[in-house]
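Asks: Chains A and B are the protein sequences, given in the same order.
Read in order, the letters of the first sequence are residues 1 to 325 in our numbering.
Read in order, the letters of the second sequence are residues 1 to 325 in our numbering.
Just so you know, the hints here were simulated from the structure itself, not pulled from any lab data.
Mixed in with the good hints there might be a few duds.
One copy or any two copies: either way a pair holds, since identical chains are not told apart in the list.
[Said to hold, decoys possible] Heads up, simulated SDA-like pairs for lysine to any residue below, C-alpha to C-alpha not over 20 angstroms straight-line:
1. K44 x P128
2. K122 x G23
3. K44 x D214
4. K122 x D214
5. K44 x A263
6. K44 x A62
7. K122 x A284
8. K122 x E246
9. K122 x D147
10. K122 x G210
Just so you know, these numbers come straight off a predicted model, no measurement behind them.
The residues making up each chain are set out below.
2 protein chains.
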Amino acid sequence: MDIAVIGLGLIGGSLLRALAAHGHRVTGYDAAAETREAARALAKQAGAPRSGDAWRVADSVAEAVAGTEVAVLAVPLPAIPGVLAGLAGYPGLITDVTSVKGPVRDLLDGSRFVGGHPMAGKESSGFPAADPRLFDGCAWVLCLEPDDPDPADWLTLARLFTRLGARVVPVTAAEHDRAMAEISHVPHLLAAALSALLAGNPLAGTLAAGSFRDGTRVAATRPELIAAMCGGNAPAVRRVLAGVVEDLESFGRELEHDDPIAALTAGLRAPSELRRGWPPRPGAPVEVPAEVEALLALGRAGGWVSAINDGTVAGLRPETDRNCS
Amino acid sequence: MDIAVIGLGLIGGSLLRALAAHGHRVTGYDAAAETREAARALAKQAGAPRSGDAWRVADSVAEAVAGTEVAVLAVPLPAIPGVLAGLAGYPGLITDVTSVKGPVRDLLDGSRFVGGHPMAGKESSGFPAADPRLFDGCAWVLCLEPDDPDPADWLTLARLFTRLGARVVPVTAAEHDRAMAEISHVPHLLAAALSALLAGNPLAGTLAAGSFRDGTRVAATRPELIAAMCGGNAPAVRRVLAGVVEDLESFGRELEHDDPIAALTAGLRAPSELRRGWPPRPGAPVEVPAEVEALLALGRAGGWVSAINDGTVAGLRPETDRNCS
C-alpha cells in the first residue's frame, strides 16, 4: 500500500520503519527539519542498493499524503488541528495514534477516519528511538461505532497492523476513553496523591520502601504530560476518579467497624482476586464475522484480532475463569 | 550480651543468626516444634567445632528469657498477648519488631519496653528464609517518647542494632504509626481500589500496562494480611486516607476548571517534585547529644543513627535541598 506517516517521533518513526520493512511504499513528514533530515539519512542507509531509499520524506503534510491510500497522524493531540489543513480534500483513509479517541473523532468529523491507539512506548522518545519491532505483540486499539454502516476501512487498518504483529482491539471511542481513564489516567492521579504525603514529612521519605516506590512511580512524570492526558479525557477521568474515591471511603468505613479486620478483609477480597487474575491469559482462538457488532463484542470481552480473513476475523479471547473470578 | 529471640520466622530467625554471628549469646524460641527443630539443627551446623552450638533453642518463652538482658518479641501483633505470660517478672529489656507501635506499647505498659520495627523483608518467609545479613543497611525504627526520662534502654538497643548494620530511626510511636499509614497501609488500599476497576471489565484488563501494573502490585497481597496491617493501625490509616481522598477530589475539581490542563498541571507540580526527590540521599554526617529531644528531632528530619558513642550518637540527615523542594 501507499501510506503516509505524519509525525516521526517514537511511534511515527517506528511505524515508518515497520511499514517499509513490510514492503509498503511509505512517505514520512515531520514538522521539525532536523527530524526530516534524520529520517532521510536513515532511509538511504536502510534502502536496498538497487531500489534506492527505504522510504521517502516529504517537506509538507500535503506533499506527504498526495497519492497515498492511508494517512497515519502520529502527532500529539494538540498538533492535530494544525495538520488538518494539509489534509483538505484528502480522499484516503485517516487514522491516528493519540491516547484519547472521542475528541480526535470530533476533530476529524466528515473524513474517512478510524481512530487508533497503539499501546506501545518505551522510556526514550523521538525519531532516534524509533524501532521497527515496537508493535510486535502490542495491543493496538482501533475504534468502531455501533452506527458505523460498514467496517471496510476498519478491516483495512486491522489487516495492516496485525501484519506488523499487533493485537488489534475493536472498541468504541467512549469505551477506549473510559478504559484509558481506568488503567492509566486515574492511576497517575493516585500516584500523585500518594507522593503528596511526602510534603514536609522527611521521616516518611526515609522509611518508605517497595509499596510506596511502586505506588508512586508514575508520579515522577512531568506534570504537564499527566495534566494533558487527564485534561484531554476529563469527563471519563472524573467519572472513574469518583468511583475510586467511593471505594476508598468504603474502606475507611470498614475501618470504623466493630471488627475492622474482618470488615476490611471482606472488602478487599474481590480486588485482590482481580489483581491476582491479571494480566489475562490468552484463551482459545476464536473466529468472528467481520461485522461491527461482532467485533465490538470481541473487544468488550477483552479479546483482540490477530488476522483478517475473507468475511471473518481470527482472534483470541482471554481465559474467562481467570479474569472474571 | 545475653539475648532471647521469641518467634523464629523470617525476622526472628534472621536476628537469631545475625546476633550469634556478632558474638552474642542468643537463645531462640518458636511456638512451632518443627521450627525449633530446624533452628537446633542449624545451630549445630553453624556452631564452631570447639565451642558447640551457635545458639540455644528453648522449649518455652520463660526458659528462653531466663537470665537474658534483652528479649526480642519477633511474633506478629496478635501473638504478643500469648507471649506475655512467659515474661511475667522479667527484669530485662523488651523490644518487638511489629509494624504498629501504639497498640504494642499499650500491651507492654509497665515493662522495660522499647518498641522496634525493622523495615526489612523479602518475598519468602519463615525460618528457612532467615538471613543473617537481612538488616544490613535497613532502617530500624526504635521508639522514644518526649516524656521518657532517660534514653539508656533505647541507646542499648540502638548500639545492638547499628552494629548489625541497621540505620536506627528514633521516632515516637504515633509518628511511626502515621508514617506506616502513609508509606505502606494507605498505598495498599489505593492499589486495591485501582484493582477493583477490573471488575466486569475485561477490556481494561487487556489494555492495562505499566502504570496499572505498578500501581496495583501490592493489591495481590492476601486480603487478610492487608486488613490486619490496616486494622491494627486504624485511626492513623483513616486520617491519612481522608487526606488522600481530599487531594483526589481536588484533582477532580481541577478537571472541571475552564482550563483543566493548566489547573491540573499546577496541582500536580508539588507531588511530582516530591516524587522526583525520593528516595532521599544521605547528607553530611551529624553528631547529636544522646538525649530524647535531640534524637527525636533527628528522626523527624528524616535522619538516622549509625553509631552510639559516649554521650553522643553519630548519624546522617538526608540532603534537605533535594527532599524538601
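Asks: List, from low to high, the hint numbers that the structure doesn't satisfy.
Replies: 2, 3, 5, 6, 7, 8, 9
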